[in-house]
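Quick mapping for you: the protein sequence lines, in order, are chains A and B. Residue numbers for the first sequence follow this note's numbering, beginning at 1 and rising by one. Residue numbers for the second sequence follow this note's numbering, beginning at 1 and rising by one.
Simulated from the structure, these hints should not be mistaken for laboratory data. Even glycine gets a Cβ: it sits at the ideal position worked out from N, Cα and C. Among the clues, some could well be false.
[To be verified] Straight-line distance between alpha carbons at most 25 Å, and here's what the computed SDA-like set of lysine to any residue pairs gives:
id, chain 1, residue 1, chain 2, residue 2
1, B, K281, A, R211
2, A, K63, B, M181
3, A, K135, B, H191
4, B, K220, B, Q247
5, B, K281, A, K24
6, B, K281, A, C136
7, A, K63, B, D243
8, A, K63, A, M98
9, B, K281, A, S47
10, B, K277, A, K63
11, B, K281, A, S144
12, B, K277, A, A141
13, A, K24, A, S47
14, B, K281, A, Q125
15, B, K281, A, L143
16, B, K277, A, K24
[To be verified] One-sided and incomplete, this derived list gives chain A residues near chain B with beta-carbon spacing under 10 Å:
id, residue
17, Y17
18, G18
19, F92
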Amino acid sequence: MTSMAPVVEIRDLHKAYGQHEVLKGIDLTVEAGQVVCVIGPSGSGKSTLLRCVNLLEQPSAGKVIVQGVELTHRDVDIDAARRRVGMVFQQFNLFPHMTVLQNVIIAQRRVLNRSRAEAEQIARQNLDKVGVGMKCDSYPAQLSGGQQQRVAIARALAMSPSLMLFDEPTSALDPELVGDVLTVMRRLAAEGMTMLVVTHEMAFARDVADRVVFMDGGVIVEEDAAARVIGDPQHERTRTFLRRVLDPTAQPETTTH
Amino acid sequence: MTDQSTTTEPNAPAPTTAGAARFSPRRRQQVSRLLQYLILLTALAAVVLLADWEGLAQNFAKPDVAQQALPALFTVALANTMIYTLGGFLFGFLSGLLLALMRLSTVRAYRWLAIAYIEIFRGLPALLIFLLILFLPLALPGLEVPGGTYGQGVLGLALVAAAYMAETLRAGLQAVPRGQMEAARSLGMSHARSMVTIIIPQAIRIVIPPTTNQFVSLLKDSSLVLFLGVSGEYVELTKYGNDLASQHANATPILVVGVTYLLVTIPLGYLAVRLEKRQEKGR
Ligand SMILES: Nc1ncnc2c1ncn2[C@@H]1O[C@H](COP(=O)(O)OP(=O)(O)O)[C@@H](O)[C@H]1O
Ligand SMILES: [Mg+2]
Numbered sequence: 001m002t003s004m005a006p007v008v009e010i011r012d013l014h015k016a017y018g019q020h021e022v023l024k025g026i027d028l029t030v031e032a033g034q035v036v037c038v039i040g041p042s043g044s045g046k047s048t049l050l051r052c053v054n055l056l057e058q059p060s061a062g063k064v065i066v067q068g069v070e071l072t073h074r075d076v077d078i079d080a081a082r083r084r085v086g087m088v089f090q091q092f093n094l095f096p097h098m099t100v101l102q103n104v105i106i107a108q109r110r111v112l113n114r115s116r117a118e119a120e121q122i123a124r125q126n127l128d129k130v131g132v133g134m135k136c137d138s139y140p141a142q143l144s145g146g147q148q149q150r151v152a153i154a155r156a157l158a159m160s161p162s163l164m165l166f167d168e169p170t171s172a173l174d175p176e177l178v179g180d181v182l183t184v185m186r187r188l189a190a191e192g193m194t195m196l197v198v199t200h201e202m203a204f205a206r207d208v209a210d211r212v213v214f215m216d217g218g219v220i221v222e223e224d225a226a227a228r229v230i231g232d233p234q235h236e237r238t239r240t241f242l243r244r245v246l247d248p249t250a251q252p253e254t255t256t257h
Numbered sequence: 001m002t003d004q005s006t007t008t009e010p011n012a013p014a015p016t017t018a019g020a021a022r023f024s025p026r027r028r029q030q031v032s033r034l035l036q037y038l039i040l041l042t043a044l045a046a047v048v049l050l051a052d053w054e055g056l057a058q059n060f061a062k063p064d065v066a067q068q069a070l071p072a073l074f075t076v077a078l079a080n081t082m083i084y085t086l087g088g089f090l091f092g093f094l095s096g097l098l099l100a101l102m103r104l105s106t107v108r109a110y111r112w113l114a115i116a117y118i119e120i121f122r123g124l125p126a127l128l129i130f131l132l133i134l135f136l137p138l139a140l141p142g143l144e145v146p147g148g149t150y151g152q153g154v155l156g157l158a159l160v161a162a163a164y165m166a167e168t169l170r171a172g173l174q175a176v177p178r179g180q181m182e183a184a185r186s187l188g189m190s191h192a193r194s195m196v197t198i199i200i201p202q203a204i205r206i207v208i209p210p211t212t213n214q215f216v217s218l219l220k221d222s223s224l225v226l227f228l229g230v231s232g233e234y235v236e237l238t239k240y241g242n243d244l245a246s247q248h249a250n251a252t253p254i255l256v257v258g259v260t261y262l263l264v265t266i267p268l269g270y271l272a273v274r275l276e277k278r279q280e281k282g283r
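Sequences are here, hints too, so could you generate the full structure?
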């Protein structure tokens, strides 16, 4: 493969809500085809980081560059820039007043101006791909959480994004439905999709991620190959976090070695 | 005096066995219900015996007067009531939506304008607004409401409706979860596009039940068109009843008109309740 510009480049990203500094200078790069998983305790700024990448939050300082386009530049057409970045939310956020098929068609029609036939064909392809092709005419409320999340993934994919952001996509699901969504994400990764995934699914991170980023208190504490960060973390904060995630019932005082 | 002791009994901390034996709670309930029926029957008997039924029938339910009201009651009066109400509702809804969006705007001047309008037009009696419309051409010569009498009636109702619907729609817009806007934006839709395609349709669904109730009060307020001095083909139900009543010196038309209003308002009221229940279930 020829060396390409990274799909995402985040440089010294800061985000504050009033006095409360949530991101304190994040540097992160995701190359084409890479899967990067972000882990870290609740409130460490993982969602904020993801939301800054497609400018759902306006960063206080720093740069976000997607495929060479600086999204944080004042004159950038943010609606156009967002089309390259798909996002999957913890709460699915399907449009409840539209059928599954309409959910996947609407932005293709209104944003990309695809013809009705083309948009529908692409929608059906993507719905089949995530295994909910038979639910085209259902409304979101009639689907299980796992099905809804897969529709949300299809909806994002239908826009042909260069980068997919996932913010704890399985956290709102019943345990028995988590597997279906993770399977879809694994397949997506195998197909070469560039992905930035916030997750607590350590098995997924270990198997799929090229790199794992551990965040705490608005900074990246540790970033390395998945096996390294999860299997042999270098920082005490990472170890403490992993111990809690991997064995939630363990006593906080157990020794490490 | 004796029943006083029985009513205070339930408050007694420890009921004595003697009290319990005298009047069990179930027995007391039976007696109380019997008393209530007796009072009701007495009142009914009094009305039946004392009322001047002949006179009442002559004044309020004279068949030939009622018959004379008939065809035009529906073809003209009810039809006009519906024209004024639907027109007022339509323009009120659209202006209300605009006001609600202004009320939620990030531009402070828009918010203030919307608040000012809403406070003023919710605070004024509807009749006063109709009188203002009536005297508008006097104050500003040359200014005329398009659509003539219909236009004036519709304008008055729309001005009132817009203020109420603005508040209802604002609540509806705010009830749409934040994630909906975020999902739409993340798909590349502009803010305006997201509002039109995603947020407003959901907000409208949310406000259908309260809006049905507002339609009913608008229907009743359409009687204020009476004060615009309408006549002939423009009369609505209340004006029609009023004219016929004075013509015959008889109250029957008023009663007939009242029943006609209820034929519309009561089913609509039930519809609003049903829609509300269905929406609660859908959540
Ligand atoms: N809109 C907001 N206004 C104020 N504070 C916020 C807002 N969104 C997030 N925060 C704060 O930012 C911090 C990080 O939040 P978040 O990025 O959601 O963390 P994580 O996803 O890692 O759990 C939290 O302390 C949270 O309270
Ligand atoms: Mg989060």
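Checking against the hints above, which ones are violated?
-> Hints 1, 3, 5, 7, 8, 9, 10, 14, 16, 17 and 18 not satisfied by this model.
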